[in-house]
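Take the given structure of chain A and dock chain B to it, following the hints.
Residue numbers (this note's numbering), protein chains in the order written: chain A, 21 to 494; chain B, 21 to 494.
It should be emphasised that the hints constitute simulated quantities derived from the structure, not laboratory data. One or more hints might be untrue.
Identical copies carry no separate label here, and so any pair may be met within one copy or between two of them.
Under the rule of at most 27 Å between Cα atoms (straight-line distance), these lysine-lysine pairs were calculated in the BS3-like manner [unchecked claim]:
id, residue 1, residue 2
1, Lys45, Lys263
2, Lys263, Lys155
3, Lys259, Lys438
4, Lys379, Lys178
5, Lys155, Lys379
6, Lys259, Lys178
7, Lys155, Lys178
8, Lys41, Lys178
9, Lys41, Lys155
10, Lys45, Lys178
11, Lys438, Lys263
12, Lys41, Lys379
13, Lys259, Lys41
14, Lys45, Lys379
15, Lys379, Lys259
16, Lys263, Lys178
17, Lys379, Lys263
Number of protein chains: 2
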Amino acid sequence: MLLYQQLMEDTARLIERGVLKPGEKIPSVRAICRQRGISQSTVLEAYHRLEDRGLIEARPRSGYVVSAHWRQLPQEPRTARVSTGTRTVDVADLVFGILESTRNRAVVPLGSAFPSPLLFPLPALARLLGAVARKLDPWMTVADLPPGSWELRRQIVKRYLGCGVRLDVEDIVITSGAAEALNLCLQAVTQPGDIVAVESPTFYGCLQALQRQGVRALEIPTHPRDGVDLAQLERALDKHRVKACWFMTSLSNPLGCSMPEARKQALVELLARRAIPLIEDDVYAELYFGSQAPRPAKAFDRSGLVLHCGSFAKCLAPGYRVGWAAPGRFTRELARLKFINSISTNIPAQEALAAYLAKGGYEFHLRRLRQALQSQQNRMLEAIARYFPDQVRVTRPQGGYFLWLELPEGTDALALQKRATELGISIAPGPLFSASRRFGNCLRLNCGHPWSPRLDEALRTLGQLAHGGKTAPC
Amino acid sequence: MLLYQQLMEDTARLIERGVLKPGEKIPSVRAICRQRGISQSTVLEAYHRLEDRGLIEARPRSGYVVSAHWRQLPQEPRTARVSTGTRTVDVADLVFGILESTRNRAVVPLGSAFPSPLLFPLPALARLLGAVARKLDPWMTVADLPPGSWELRRQIVKRYLGCGVRLDVEDIVITSGAAEALNLCLQAVTQPGDIVAVESPTFYGCLQALQRQGVRALEIPTHPRDGVDLAQLERALDKHRVKACWFMTSLSNPLGCSMPEARKQALVELLARRAIPLIEDDVYAELYFGSQAPRPAKAFDRSGLVLHCGSFAKCLAPGYRVGWAAPGRFTRELARLKFINSISTNIPAQEALAAYLAKGGYEFHLRRLRQALQSQQNRMLEAIARYFPDQVRVTRPQGGYFLWLELPEGTDALALQKRATELGISIAPGPLFSASRRFGNCLRLNCGHPWSPRLDEALRTLGQLAHGGKTAPC
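Isolated chain A, as found in the complex:
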């Protein structure tokens, strides 16, 4: 290909892919000469031909711009991927496949991990964000470095009081969502090669964090209502050199189970006797349906071994990416790891959330949110009862927005997922939630979206698939 042709094709691609939009300037002739080390006449040759093709036009005094007439063409079709033969399942591919479908609004998001963003007071938060950012003292960009905004940490400490945990502002480290907090806590208490006890089934984000850190997962049987089996945990601790536990003690993902408070206390005491840290993933803490906030294991922590992690992502501000850790005796280490991992958390967002919590209105929002989630859960439970085979078993979480289904023995959730995906419905198959690929006949459904005929129809379709029946595209 000649030099001018190369330049022509490169520039055409930038325009066709929308990198350069109608009306925008394209690089000047002089800039291209310098960048590519080619002559002015070569560049002009390319640009004149692009002009002929109607992609660009010359503007007096300002060089060339993308033609206003240009409109993006429909995308080219892609080659369909076809699976050949059997495969071992990789959690990463499953997780990111579901994430991709979550992003696609045409897919019914029953496999998504996110609740509907329409359930949150995003407009009110946006007004505060603008107001707070405009008034922000520029020096806060330095002052709010880890451990983070003093005012936000103060507000978080006040909320901890409401669920029976007494902390100081200095005990909190602000992070970019709970995901960062959990990853850093894991790093603070383990080394590659260590063993960490997890629930079974386990949140796949936990499995991914473990894998990334080079840590091995030890699955502890977990009751669908009452959480981790402590007798089995104790036997596992006797048998293995467990370096830490990572449990969701309230409203776990995917089971939705909550350990009774007495069991949480027993867990904390058991681990304290053996000096084993507990990473307590409590991101659904605010989404309880009962009248009282359940106390986390952190409420019973006397030895500083509980690293409690929370977030505003699931209860107030999706997309703001503000979470925190209350890491007990590991607080200093965690602030350092936070600084190394990402310097600080977005500062206008920290201050806007602090202002929202100070202003009041959070409790009102939470009450409405919990009611919405409970109503949606009820509708989905009813639909499952109506459409699914009689032998299906399903959890009754006392909060959150997940249901866990156990389908008749022999059902292949991965095959079901494949069929559902073809019909425009995402689901989260059981093997996603196990390091040892268990739960082959289980699936997690998201009930975090307002009930609609579209959801009802999707549940009906899933029910038919579970029956092994045939169905028309949904």
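Here is chain B on its own, set in the frame of chain A:
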């Protein structure tokens, strides 16, 4: 290059090469107008900037003369010799000590890594942030999951065009600042126990990331003006199984050196022959003082082995924590690691920065910022020449906001730091920048703050400490 820039560069060269000596007249404005056929205002623009840079000064009735201070600037430092062999790293206490003092407004922030937040258009950004957040489609909280906002990635791709790098929107992953991007890139290309080649001196954030990932640092001698010594690098690659390189190829921290473009190209080709990835930390890319954006090593990458990392933190939006990676063949892996590490980057901030870049005004801000930094650097160079011992050597970075000082042999920078801290002045001692605690007689000073009597006084105090003299509290 604009006419005034050409004149400015020509005149600066005459002075720096000693053709024009201190106290000598430079050609009159009228003479230059006649010689070059340019307007009087163009000549004045050039001369005013040379005045800002401290190269010339106006004399009543006799026009401009070469500044008397000029020749007195200290010499540049030499390339340090580096002991071969890899090292495990521990700089945490030094780094976090300085971070703590950075947060204290009463301390003169010469050791800080951050420029003054007053240099940035924070009010304009805040207005955009509020406006964008209020209009935000709630579903963007899902759509902007990794790799991140399409519109922001598009704007970044357009800026890459300006420095000779052609990328697609799909080649960019948005991160929570460059720190996250760099950590994830390191994780994408190394395993614990691997060896990574770094500059010497090295940015301590790099050393911390290596330590955290369990990776060993191999220090490569680095020239204070031209960057990494490629011959030495090649010998090191022959001797050690280097898994990756992590270099700041332009305006490095702490040296402020930039590899010439030919050397960048040679580096990329050398590494491509050996299939070794290059993590290119380019966070100061926009802070060049010259008239042209330097091309990064990424501009010469044909094999997808360059993982280029950038950020808005140092050039536009401190505290917003938005950066990115252009990770070549590791892009898919990096998007996955980003999701595992922190799900996504703050979404209102992503969209606000995209809106700022689309709106225009960025170039104007950058020109003003660069001028401010250059003027501050000149003032600090002069103060160092005035106050420090004759044997001091100091860098002449062509951008950024750091100076690197080599004090007389035998000076103990850590002891100097201790004394300075007692007097309310922070500095960054040399051993912070080396896995093997070298550079015991060096220090890094921040010239990212508007010049003030307080800074002048602090430099005077530091100079006295460097002389070994006594001083009163500042």
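Among all the numbered hints in the text so far, which are the ones the structure does not match? Failing hints, ascending: 1, 2, 3, 6, 11, 13, 15, 16 and 17.
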